[in-house]
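Visitor: The sequence shown begins at 1 in our numbering and counts up by one.
It is possible that some hints are incorrect.
Distance windows between CB atoms, simulated [claimed, not checked]:
1. 76 / 18: 56 to 62 Å
2. 72 / 19: 45 to 51 Å
3. 76 / 23: 27 to 33 Å
4. 23 / 1: 44 to 50 Å
5. 25 / 81: 46 to 52 Å
6. 62 / 30: 28 to 34 Å
7. 66 / 11: 52 to 58 Å
8. 78 / 26: 39 to 45 Å
9. 20 / 75: 34 to 40 Å
Quick caveat, the hints were computed from the structure, so don't treat them as lab data. If you're wondering where the values come from, they're calculated on a predicted model, not measured in any experiment. The C-beta atom is built at its ideal place from N, Cα and C for all residues, glycine as well.
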Amino acid sequence: MKYSLRSLMIVALLGPPLLAWTWFVWESVKWRFEPPRIPVVEGPSVTIGPHIIPATTEGRKAATEEWRRHNEMWRRRNGLPDSLPKSDDKP
């Protein structure tokens, strides 16, 4: 088959950008076509929002820390003090 130089130049100039654009679009929408990735945790676990934490001593410590950070962020967002008064601090 014989192709004209003009058509070869068009393919050479437009091919790579079109291929890159197609790849970019696919990478940005392919998550809709793939099953969700669910983390697997062996044994009992604690779920905090999107986090799945093993129910071990280290996991409980991590869960406590995660809740502490979450509570601090919520208090800051709602204009409350960073820590609540202890029961023995009452007058």
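Visitor: Are the hints correct? Go through all of them and say.
Guide: Evaluation of the provided hints:
1. For residue 76 and residue 18, the hinted distance range of 56 to 62 Å is not satisfied, since their beta carbons lie about 48 Å from each other.
2. The hinted range of 45 to 51 Å is satisfied by residue 72 and residue 19, whose Cβ atoms lie roughly 47 Å apart.
3. Evaluation of the 27 to 33 Å hint for residue 76 and residue 23 yields a failure: the beta carbon distance comes to about 41 Å.
4. Checked against the given bound of 44 to 50 Å, the beta carbons of residue 23 and residue 1, roughly 28 Å apart, lie outside it.
5. Between residue 25 and residue 81 the beta carbon distance is about 48 Å. The supplied range of 46 to 52 Å therefore holds.
6. Roughly 31 Å separates the CB atoms of residue 62 and residue 30, a value that falls within the hinted 28 to 34 Å.
7. With their beta carbons about 54 Å apart, residue 66 and residue 11 fall inside the hinted range of 52 to 58 Å.
8. Checking the proposed 39 to 45 Å range against residue 78 and residue 26 shows it holds: the Cβ atoms sit about 42 Å from each other.
9. The supplied range of 34 to 40 Å is broken by residue 20 and residue 75, whose beta-carbon atoms lie about 46 Å from each other.
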